[in-house]
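A.B. asks: Each chain, written out:
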Amino acid sequence: MTYEAVIGLEIHTQLDTKTKAWCDCEIKVNGFENHYVCEICSGHPGTLPVLNKTSVDYAIKLALATNCRINHCSFFDRKNYFYPDLPKGYQITQYHTPIAEDGFVEIENKKIRIQRIQMEEDTGKSQHEGNTSLINLNRAGTPLLEIVTDPDFSDSTEAVAFLKKLHAILVYLGVSKGDMQHGNLRCDVNLSLRKKGEQKFGTRTEVKNLNSFRSVEKAIEYEMSRQSKILDKGEKVLQQTMLFDVQTLKTRAIRTKSDADDYRYFVEPDLLPLVLSEAHIERVKETLPELPDAKKQRFIEIYDIPEYDANILCSSKELADYFESSAQLYDKGNYKQLSNWIMVELLKLVNESQASITKINVTATKLVELLKLIDNGTISGKIAKDVLVEMFDTNKSASEVIEKKGVKQNSDEDQLRTYAEEIIKNHPKEVEELKNGRDRLMGFFVGQVMKKTKGQANPQMTSEIIKKLLGL
Amino acid sequence: MNFKSVHEAHFALKNKEISSRELLDDCIKNLGQNENNAYISITKDLAYEQAKKCDEEIQKNGPSTFLTGIPYTLKDLFVTKGIRTTAGSKILYNYIPPFNGYVAKRLEEAQGVLVGKVSCDQFGMGSSNEHTPFGAVFHPTNKDYVPGGSSGGSAAAVLEKSCFYSIGTDTGGSVRLPSNFCGLVGFKPSYGRISRFGQIAYGSSLDQAAPLTNSVVDQAMIFKYLTQNDEKDSSQVPLGEVDCVDSLLNLKKIKKHNFTLGYSKEFLDNCRDDVKDQLYEAKKFLESIGVKFVEVEFPHFKYSVAVYYIIATSEASSNLARFDGIHYGFSKKEQSNLESVYVKSRSEGFGDEVKRRIILGTFSLSSGYSDEYYNKACKVRRLIQQDFLNAFKKCDGIFSPVCATTAFQFSEKMTPIQMYMNDLYTIPVNLAGLPSLAFPFGKSSLNGMPTGFQIIGKAFEEERLLQNSYWIELNKS
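Protein chains in written order, with my numbering: chain A, 1 to 472; chain B, 473 to 949.
Just chain A, same shape as in the assembly (with noise of 0.2 Å):
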C-alpha cells in the first residue's frame, strides 16, 4: 500500500537578547550553574513578570518576515504543569490570542503555511545522574517563539528545506543565534500517513525536541516507515509522543495521548494585554534587514551569478556576508570565478574543520589577494589551491604563502621554450598525432612542461609556445 504523510512542525527558538523573558538577568545558559538566575526567574514567591520589550520587536519581524497577521492585541496565558525545572509551576506563554498568526514561508516553489507565532519562556534544565537529578535555571526564562506551521509538509527533503529557510531568516534577522547544537532551535514533528487521495487525517505522532535538521529527516523517515508497517498490517497507528533516539535513528513512544495532560490554560493575570500600534509595527519593519529570498535575487543581478550559486551563498547570512564583502574588494572581477572558489574551495575547508565563516584566517581580503594573483598570472589555479590550504590553517597571506613556498608561476618565456622543444624532440609520435588533429594532446604537452617546471609553468603562455613551435 502506497500511503502519503501529512506533517506539521512546531518549532521553539530562543531569542538572543541581552536579558530574560521577564527579569534583568543576562542569558548564559552554559554559564556557571545557577548563577544567571534571581528572585523572578526561580520563581520566588511574590515575584511578578515584566515583558522584555526587545523580545517583542523581535516576535514582530519574525512575524513580518514570515508573512503573518499581526494581532494588535495579543494575551498572555499561563500553561499549568508540575515540573522541577518549571520553578513557578506554569509557564508563561500565548495560547489563546498570539502574537501574530497565518503566514507562510515559501520553498522551492511551494508555501508552507505558518499558523501562529507565539511568546513564550524557556524551561530550566534537568539533569539525571544516576539516582539524582539536578535542575539548572540559568536557561529558566529565556524568551522564546514558537512557531507552528500547518501540515503542509509531505516528506523530509520538504520539511528539511522548510527548516533551513526559517534558520535563515531567524539568523539574517538577527533575532535567534540559530544555534542548533546548543539547543537555540528546536523542533517537534507531527505526522501522520493516509492512503493517497484520501482527505481524512490519519492518527498522528509527536515526535519531540529535534535539534538537528539530520534529526528532523531521520526521525520522519523513521516514523514515515514504522506507521506504514502499523498499517500495512491492518493495526492501528497509536497518538502518542515520541523521542527521537539519535544513535539508534528511531522513535520511541514516551507516553500515550489518550490520558492528555491538562494544562489548565487561563490568561496570565500579572502581564498586561500586549496592544501593538500600527506605527510600532511599522518603526520595526524600518529596521528589517534584506532576507534571503531579496538578498538571492540581488545576487544574481548584480553579480551575475547562477541562480544555483546565488542560493548556496545566501543560505547563511555570514556566507552571503562573506560573499558580498570579497565581491566588493574584487571590484569588477570574475564573480562567478569568486563563487566557485568560496563555493568549493573555502566551504570544503571551512565544513572540514567545522569552523565559523566569520572566524576563519582566510578573510574576504586574503581571498581576493589570492584571486587576484591567479588573475594577473602570478600564480596558476591549481596552485593557488594549496596556497589557499596553507592560507587557512596558517593564517598567513597569499603571497607570503607564494614566496615561503616559492610557487610563484613560472612566466619566462626562454626557459619555457626550450623546456617546449626538448620535449617535442623527446615525442616525435605525439607532435604527429596533434598535428593530425589529436587536439587532447596539447594537454600531455602542457602538462609534462609542467612537471618539469614543478607545477609552476604558466599553463596559457605554454599552450602558446607550443602551439607556436608546431606551428599550429
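Simulated from the structure, these hints should not be mistaken for lab results.
Predicted model, so just to flag it, every value in this text is computed and none were measured.
Beta carbons are placed, not taken as given, at the ideal position from N, Cα and C, and that holds for glycine.
Estimated spans, in silico, between C-beta atoms of each pair:
# : chain 1 : residue 1 : chain 2 : residue 2 : range
1 : A       : 365       : B       : 553       : 54 to 60 Å
2 : A       : 177       : B       : 556       : 40 to 46 Å
3 : B       : 615       : A       : 272       : 44 to 50 Å
4 : A       : 177       : B       : 520       : 51 to 57 Å
5 : B       : 570       : A       : 154       : 49 to 55 Å
6 : B       : 507       : A       : 18        : 50 to 56 Å
7 : B       : 607       : A       : 177       : 52 to 58 Å
8 : A       : 272       : B       : 890       : 32 to 38 Å
Here the structure of chain A is known, so what remains is to put chain B in place on it, guided by the hints.
C.D. replies: Quick look at chain B alone, frame taken from chain A:
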C-alpha cells in the same frame, strides 16, 4: 500609649516631644507576650536599631517622612529580605526571602520601624484568622472572638497598639473585614495602585495591599509612600504627584463638603439587626453632615460570591503551584519518586482551607469545565463591574455594609460556605477593582463588638474617597 494615630505620633516626633524609641517601647509593652497571637515573627532587635537611626536623624534634621520613626507591622504575605516570610503556612515555615518586596522596600525607605510580621489565614484564605498552623489570632477586646481575616494579625496588632499601622492584603475583603471587626480604618486602594511585587499571590487579579490604621488621615500618609512607580509590577498604576495628605488637611478649613452616596436598601436590611441598626444610625449621621443618599441597584451582586470563589481559587491554584517542595520551603524530600515529593510536601504543607481552594480552582480551570466555570465567571465579573459604573452615574460613592454580622466567636461553627458569605459585601469591590474604605461606626447592641460601614469609590479616585472619609472623621469627633 500616648498617641493614637500616625498623624499624632508624627507631629510629636517632629516637635521632639517623644522619641521613636519611646514610641517603640510603648508598642513592645503592648505587645507583651504576644497574648493575642497577632505576630508570627517579632523583629524587636531590628526595630530598636531602626528606631535608634530615626532618632539620630530626627535630632539632626527632623523626621524626613510622615512615617519616619513610627512602628508598623507587615502581614506575613509581604516578602522581607532576610526576615522569615511564611504566608501563615507551614509550607513556608522556614522561608527567608533573598529580596525585599515593594511594600517592605518603600516602608524601609520611608524610615518606618518594623515591629514584626503579623499573622494571617494561610495565603490570605479565610475570614477569621483561624486557618493557620501558627494558631488562631484573638480579638484584643475579647479573646472569645475572632479578629476577622485574613489580615487578622494586622487588625489585632493595631488594636492592641503594638504598632501604629499595619499593611494587610485585601483580595475579597481581607483588610476591610478585620478592620470592621476590630473598629479600625481599613483602606483598600484600586486594584493596581500599590505594586504587588513581593506580595505573595493569592488571586492575582484581585490582590491589593491595604493598610489598617486608627484614622483616615493616617491612611493618606501611608498611601503617599506606597503608590510610587514600580517597574516590577506591570499592572501597577502609580499615583503620581497627587498629595492626598494636603488635600485632606485642607478640608479642616472649610465648613461644607457635599457628596452623594448610593446605597441599596436591600443590602442594609439583609444584615443582622444589631448591624443593621448601626448602619441606619450611620446613615442618619452622614445625612446630618450634608451627605446626600440615593438608592441604587446592583442586579448582579447576587453572583459575586460564586464568581469570586471561582476566579480567586482558579488563580490561586496556579499561583500556589510553585510551592512544590523542590525549590524552597517545607519539603518531604526523602521520597522514592518526584510525584511523592510533590504530593507529600503539599499535602502536609498546605492547610485544609488552602487545599480546598486549590482543588476548587483546579476544577474550575480544567478542560471541559472551564467554559462553565472560570470563563463564565469572568463574564459575570464584567457585569458586576458594569453595575458599579451604572450606580456611579448617580453618586460619588457607595455606602455599604462591610459584613452582615460583627466579629463572631470561635465557638460559632460555620461551614465553609457560611464562612464565604461573610465576604458578600466586600467581594464585589475586588471584582470591580475599586477603592473602598471601611469606616468604624458604633458598637453592636448584641455583643458590644465594633460595627461600621464601607464607602466604595470610583476606580483610581482614591483622593476623593479619602477626602469624603476624612470629612466624616472630622465631623464625627
